[in-house]
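K.L.:
Using the sequences provided together with the hints, build the complete structure.
For the protein sequence lines, the chains are A and B, in the order given. All residue numbers for the first sequence refer to my numbering, where the first residue is 33 and numbers rise by one. All residue numbers for the second sequence refer to my numbering, where the first residue is 19 and numbers rise by one.
The hints are simulated quantities; they were obtained by calculation from the structure and are not laboratory data. Among the clues, some could well be false.
Claimed, not checked - Using 30 Å as the maximum straight-line C-alpha spacing, the simulated DSSO-like pairs for lysine-lysine come out as follows:
#1 A:K134 with B:K464
#2 A:K117 with B:K573
#3 B:K447 with A:K69
#4 B:K246 with A:K69
#5 B:K566 with A:K135
#6 A:K135 with B:K580
#7 A:K190 with B:K547
#8 B:K246 with A:K143
#9 B:K380 with A:K134
#10 A:K60 with B:K175
#11 A:K69 with B:K306
#12 B:K547 with A:K184
#13 A:K135 with B:K547
#14 B:K235 with A:K60
#15 A:K57 with B:K306
#16 B:K287 with A:K48
#17 A:K88 with A:K135
#18 A:K117 with B:K235
#19 A:K184 with B:K464
#20 B:K306 with A:K134
#21 A:K134 with B:K566
#22 A:K60 with B:K380
Next come the chains, spelled out residue by residue.
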Amino acid sequence: MNKDLKKIFTEEQLQKTDAIIEQHKEIKGSLLIVLEKIQDVCGYLPLSLQRYIAGKMMLPPSQVYGVVTFYSYFSTTPKGKNVVKVCTGTACYMKGSGQILKKTREYLGIKEGEVTPDGEYSVEEVLCPGVCGLAPLVIIGEEAFGLVDPDKPEDIFKQYKENFHDRSGSDKN
Amino acid sequence: MKALYQLSLADKVELVETDCLISCQEGPSIMLLPSGRVAQVNPGHNFTAWLIANIAALYHSPHRPSISLRGDAEIPPIEQMGFFSKQELVVMRNRGHIDAENIEEYIAHDGYMALYKVLTALEPEDVIKEIKSSGLRGRGGAGFPTGLKWEETRGYKTNPKYVICNGDEGDPGAFMDRSLMESDPHAIIEGMAICGYAIGAPQGYIYVRAEYPLAVKMLQTAIDNAVKKNLLGRNIMKSGFNFNIGIYPGAGAFVCGESTALMFSIEGKRGMPRIKPPRSAEAGLWEKPTCLNNVETFANIPQIIRRGADWFKSFGTPESTGTKVFSMSGAVRNVGLVEVPMGITVRSLIFDIGGGIKGNAKFKAVQLGGPSGGCLTEEHLDIPITFDSLQNVGSMMGSGGVVVMDDTNCMVDVARFFTQFSVDESCGKCVPCRTGLSVILSILEKIIMGNGVPEDLHELETLALHIQKTSHCGLGQAAPNPVLSTLRYFRHEYEAHIYDKRCPALVCTDLIHFEINADNCKKCGLCAKVCPAGAISWQKKEMPVIDKIICTKCKSCIRACKFEAIY
Ligand SMILES: Cc1cc2nc3c(=O)[nH]c(=O)nc-3n(C[C@H](O)[C@H](O)[C@H](O)COP(=O)(O)O)c2cc1C
Ligand code: FES
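P.N.:
Pasting the structure below:
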């Protein structure tokens, strides 16, 4: 089982996973927190990893699977390096986020749940991060873009790339 | 900050990073204290010059009536701006006035005075009596009297007991709790500690949704600082009272805002509501007596204790006392958070404070209470906002989301959107909610695609009423509200979709013909210019022609046309 995991995840990721489990194993009801932390380290929670966690925490795999599939925070498929989150909350929907979602996926050439071939982007829906004043809202990576034009969502990718390159450039200085 | 140094004012003026000053449509903003003037700043634009003009002027003569900026525009103090003049800041009194990460600033604004008063001068029973007499009702949606809940929890003798703060704020389009947690976390912590003292609980949890990482960070900093000052932890202020708070990040499930589901979630399980009784006050978290309240409810507590129940009752109506924070979004001019006394009319909220509808569109409906609230129309604008009056017209207070819609929104589509939301978020435990809502959704989709038949309306109505009556938890019971209320007040729109195969608001793509109405068309050619697909051909002084094979139905032309000539 461990061999399978080594194919998907790095040594460091697996070590961190073990450390997280070790730290929380004894605490009652810590499964959700453990899963959140492991997903932050590993990016997603495939079945093999869920089984591994269940074994280490001495829980039935069905319970882990049940929790993972219940909460939208968890993903069982890999995500892109930059996750594009399109808000589909009420305020954003009223201002055309449905179209943004569709156009963004077309622009990147991917469907729901897919990652661009270069591994850079994946698109998901998010429910209201609470900045409805700037609706419609798209978040790429850690950057939020407000008042996005539903006709031209691709513009923000240009902005994002510029900012992104700027920053990695200034890091070097 | 750099600019302050250049002016060598750095030691006289303090730059504080504050949370949203609640007039987001003008942002980014800076508020100048002590005068309370808000000014909008353009980040790139000669910021130093701006600061010189403003801070310097302010610093050197603090009593100047107004300062000039951007070509002598007068900036009134914040309390006099139209957006703010009808508001009553109780819960949000500290917003923008204090640095949320600095506990000293909260303390300087009378923070933790209420906790001190409670621990040194009041018995738990007195605290409960005061809260009961203030008439405070839960701000999380249901409006249950807070004092009663505390009394009930205190009544059970099992130990330990728990206090939980519900910061799940699942309603999309609502962000008051996020703002409170980020801008005034100590008020929530103080409220929880007082509750812990009143019901006899040593441990509290704050459940914050996963989408609010900044709120988690602010709360954690606040808790750490409070522990350092012995305002949390063991033997608080040498009174012998112990109280700790832990933060529990949620994982993205709307139904976890329901109290029993939330407790399961903290226990690390799937967040599915259970049957009550037993009520949480008797057997909640880990089957121990638990008192769960909303963020805003807790944030009200310190001030009620400090200023007294009578002061609190001076706001609002006899049945719904105090103030309520609403988050306004959608088609209003001023989007953002507002805090108003209960009992204000919907009209005043939208037109006086919200500044009316953006652009030249017309007001059509307002949706209160999140995805499961109902839509209200023009004729309801004059009802006062209280827990009971809203319920009477098929809507509800909910947590305070206000989404305003204008005539570019299609009500059938709105109903579909909210039903889709409820279908996605249903936990799947009970049949009416899991299956019934999906059937409603498929009927609505059928109507939107132009395949609706007259019987559908009756079917929708009966189904919705059944779901309302037979669902297990609040999610299912309230989920049909948008469908029922739009059916009641906007039946003509459903009928236009079904009988005329037409969407009056031009939202439902399948019912748009993409043809030009010769009577309205002024032959300006704007549609041809904006069409991204190049599907519209146009010659000067000629009517444009839309090539339906190339057309991608993106509706750019409809948005661009000023004469409503495309249908
Ligand atoms: C489906 C559903 C979702 C809810 N979501 C929230 C929420 O996001 N925030 C909240 O404070 N209360 C929410 N509630 C209400 C809570 O169950 C509970 O009534 C409330 O938090 C109690 O606190 P209060 O008495 O201070 O209002 C929700 C209820 C239901 C049925
Ligand atoms: S609805 Fe999109 S940010 Fe709130």
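K.L.:
Now, for every hint given, state plainly whether the structure supports it.
P.N.:
How the hints compare with the structure:
no. : hint               : verdict
1   : A:K134 with B:K464 : holds (20 Å)
2   : A:K117 with B:K573 : holds (23 Å)
3   : B:K447 with A:K69  : holds (28 Å)
4   : B:K246 with A:K69  : holds (27 Å)
5   : B:K566 with A:K135 : holds (20 Å)
6   : A:K135 with B:K580 : holds (24 Å)
7   : A:K190 with B:K547 : holds (23 Å)
8   : B:K246 with A:K143 : violated (50 Å)
9   : B:K380 with A:K134 : holds (28 Å)
10  : A:K60 with B:K175  : holds (23 Å)
11  : A:K69 with B:K306  : holds (28 Å)
12  : B:K547 with A:K184 : holds (15 Å)
13  : A:K135 with B:K547 : holds (20 Å)
14  : B:K235 with A:K60  : holds (23 Å)
15  : A:K57 with B:K306  : holds (23 Å)
16  : B:K287 with A:K48  : holds (23 Å)
17  : A:K88 with A:K135  : violated (43 Å)
18  : A:K117 with B:K235 : holds (21 Å)
19  : A:K184 with B:K464 : holds (29 Å)
20  : B:K306 with A:K134 : violated (47 Å)
21  : A:K134 with B:K566 : holds (20 Å)
22  : A:K60 with B:K380  : violated (55 Å)
In this structure, the hints that do not hold are numbers 8, 17, 20 and 22, in rising order.
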